[in-house]
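Start from the sequences, fold in the hints, and give me the full structure.
What follows is each chain in one-letter form.
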Amino acid sequence: MRILLDKFSKSFGSTKVIEEMDLEVGSGEMLALLGPSGCGKSTTLFAICGIHRPTSGRILFGDRDVTGLPSQERNVGVVFQSYALYPHMTVAENIGFPLTVRRMAAANIRKEAAEIAALVHIDNLLDRRPAQLSGGQQQRVALARALIRRPDVLLLDEPLANLDAKLRLEMRSEIRRLQKETGITAILVTHDQVEAMSMCDRIAIMKAGEIVQISTPSEMYNDPRTAFVAGFLGNPPISFLKGMAEGGAFVFGNSIRLMLPALAAIPDGAVLTLGVRPEHFGTSGDVQVEGKVAFAETQGRENLYDVVLPDRSVLRSIQPVRNDVAVGDPVCWSLDSKAALVFAEDGRRL
Amino acid sequence: MRTSRTLGLIMIAPAAIMILLFFLMPVVLTAVFSLTNMSTATGISGGAYQVTQAAVNRLTTDMPELAAAIAGPRFVIDEEGVAALEALKLKPGLAAELRAEHLGEVFASRREAERVIKALKDRPSTREVKRISDLFNRSVLNTRFETRQALLESLRKLGFNLGPEEQEAVAKATYTGWVWTADNFRTIGNSPDMAQIFLNTAFYVAVTLLFFNVGYALFLALTTHYMAAATASIFRAVWLLPRITPVVIYVLMWKWLTWDNGFLSLFMGQFGYPPRNYLLDNAQGAWFFVILINGFIGASMGMLVFSSAIKAIPETQFHASEVDGASRWQQIRYIILPQLRWPILFVTCYQTLSLLASFNEILLSTRGGPGRATEVWSLAAYHTALQNYTGNLEYGLGAAMALVLVVIGVILSLIYLRVFRYDTLISKPLIED
Ligand SMILES: Nc1ncnc2c1ncn2[C@@H]1O[C@H](COP(=O)(O)OP(=O)(O)O)[C@@H](O)[C@H]1O
Ligand SMILES: [Mg+2]
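Residue numbers (our numbering), protein chains in the order written: chain A, 1 to 350; chain B, 1001 to 1433.
Source of the hints: derived by calculation from the structure; they are not laboratory data. Quick reminder that beta carbons are idealized off the backbone N, C-alpha and C, glycines included. Errors might be hidden in some of the hints.
[To be verified] Some chain B residues well away from chain A (every beta-carbon gap over 12 Å; in silico):
#1 Thr1181
#2 Arg1186
#3 Ser1191
#4 Gly1262
[Stated by the list, open to error] Label-pair distances were calculated between CB atoms; the ranges are:
#5 A:Asp201 with B:Ser1327: 56 to 62 Å
#6 B:Ala1228 with A:Leu69: 47 to 53 Å
#7 B:Ala1228 with A:Ala339: 26 to 32 Å
#8 B:Arg1341 with A:Arg53: 52 to 58 Å
#9 A:Ser27 with B:Ala1228: 37 to 43 Å
#10 B:Ser1327 with A:Gly28: 54 to 60 Å
#11 B:Gln1270 with A:Pro70: 42 to 48 Å
Pasting the structure below:
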């Protein structure tokens, strides 16, 4: 089912958290709301599921306006960051709770709970209590509880934040699998760009209550609209160089010049920021840059280097493992100027 | 290891001594007192042997003849009496003949003694006979003996030849000090008054607890939970007032409300009802107000405990249940109440005990009246042992009543623990991963 936010605003007292947000999530799509902590992701999610009333604007599920409806009448499934399992109920009772409050017969509830539990692989834990479960198992219970009533919409608020790295990986594909199997429209709230990129069809990146860009993960990575988006996506992150345009070249530091075709149309003297992703600086490229290795780290398959340029700005580089470069060594590596991203002074991409 | 254990014992010693002195000792003393017949009459130290009419009455049930004999006069011709007769300076032959012929004789009645005196050779006049016989009147009634020995010696002189069983009975009947006895418990078990007081107490505790200390407190906690924070705190503060008002003033306000020239009477007067004392007019009214007075005080504690327990439930559980489709009523039933099991147990237990033990509000309002309609167990114990109309304070019986209260409290607590399945509340979850 399609979700539509139309000029949605939310304030708490005098604090405006979200202002006039427009967002459309297509039917069966999984969308990530990505942004730093405190930017209003949970607030948006809570408005969609009806816990918060919007200050103004409309929320539509399909063609139905649900703005004024209480949570109870929206048919949404929510997985909370803390899971919010009911500690006094068994796993089966937790999962079946949405059916219990609909006064379904106990035997049917048990049957459906067992079915959905099998879907998330916890059918052997039905009689445990939440306190007797590991984090990953609790997570699955929360998922099962959100799915049992076949909701129109599945909302996930930082569902993986409390899991350890290995479980996070496992649950990432698990949640995506369930979303695809059930064909449900889902919104995933996260501050982790890896999660957003790996799990979702599209990403809406938020900053201070506004959506900065909505695109598919690869589009957003390769074609970010602002420096903020470019900086938020990618691990290891993009490096930024500050400089100015001069005759079609990017000049920074004490007259280090990089000839960039993209700058041909930029007037001389414009203050610019150049973003270079680590994979675009290293063994192949068209512009040579000299510097000194300040930091080196191996990640097994790849090595990560920080190279300090003469003006003390830093470029990151990621390369296949090599043993001929150590910290302190002077290097002259190539930069792929066609892949470099140019941003205006206000962060807009040029 | 050993030193640390010793150190621990030393550290705990002051507390342990305090507990022993101020918590355990009163219970032990109560138990000790409850097995005696101590009262104002017996005193709490030892007593004497006093042949009172009451003592004779006590003896009458088992040994009616002996009792009548002891109560009746006795005339004994003894040296003491003869010496007194000589001092009267009547005819000297009278004393001499009595000493020579009749010394040691005992007569069960004045008539028999006077027949002998009349028959003396010196022939006393009728008036003299009466005076002389008086000198030999040796009744034991209304005399006090410091020891059992003295009592029995005196009786022997009066011609009572008592067997050991009779001696025991007489000593027991005339002893004024306290003795060990289980009679208090028999009294409690058999007296219909006590049964009525027991029923009063059960009614008072059950109704106050159910409708106010737990029921109303729960209602307040739940309603304030769904109110805006500011409104809720005002509401809670209002319900705390009865608790923080000094009880004397609080009860006085209820009296102003219910007296025959109080607010209720004035108000009802507007509709033509004659003024009356709504508090003491009849038993139903008295119970109604006694329960309100106590309930309004008691509800505040439960309200606070339940409110904070509800606050301790993470907010996301409420969000989650709303999203899951639960109405408020279902939230209360499925989310809140199950998680309030322990606080409800605690409040029920605590308030049962305090309702059983405390009587100050009742004492200050109805004094157990009208009649003994609102007399509850603890108040009755107080009246029996410390404050009663006859002036004979029965410490022993009062202590026995208090002990019964303690036992009932313990039994009820154990029942509550079972009913609320305390074991499952404290059992550790099995954590495996
Ligand atoms: N109930 C509330 N009352 C007041 N301010 C709130 C409330 N909930 C959230 N906020 C504020 O709104 C902003 C966004 O919060 P939130 O949506 O939780 O951020 P996040 O993106 O980390 O989920 C924060 O600055 C937070 O302080
Ligand atoms: Mg959040």
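Each hint, compared with the structure:
1. Thr1181: Its Cβ never comes within 12 Å of chain A, the nearest being 53 Å, so this holds.
2. Arg1186: holds (49 Å)
3. Ser1191: Serine 1191 of chain B is indeed farther than 12 Å from all Cβ atoms of chain A, at 47 Å.
4. Gly1262: holds (47 Å)
5. A:Asp201 with B:Ser1327: 56 to 62 Å: This hint is violated: roughly 35 Å between Cβ atoms.
6. B:Ala1228 with A:Leu69: 47 to 53 Å: With a Cβ separation near 22 Å, alanine 1228 of chain B and leucine 69 of chain A fall outside 47 to 53 Å, so the hint is violated.
7. B:Ala1228 with A:Ala339: 26 to 32 Å: At roughly 56 Å between Cβ atoms, alanine 339 of chain A and alanine 1228 of chain B fall outside 26 to 32 Å, so the hint is violated.
8. B:Arg1341 with A:Arg53: 52 to 58 Å: violated (33 Å)
9. A:Ser27 with B:Ala1228: 37 to 43 Å: holds (38 Å)
10. B:Ser1327 with A:Gly28: 54 to 60 Å: Once the Cβ atoms are compared, 31 Å apart, the range 54 to 60 Å for glycine 28 of chain A and serine 1327 of chain B is violated.
11. B:Gln1270 with A:Pro70: 42 to 48 Å: holds (46 Å)
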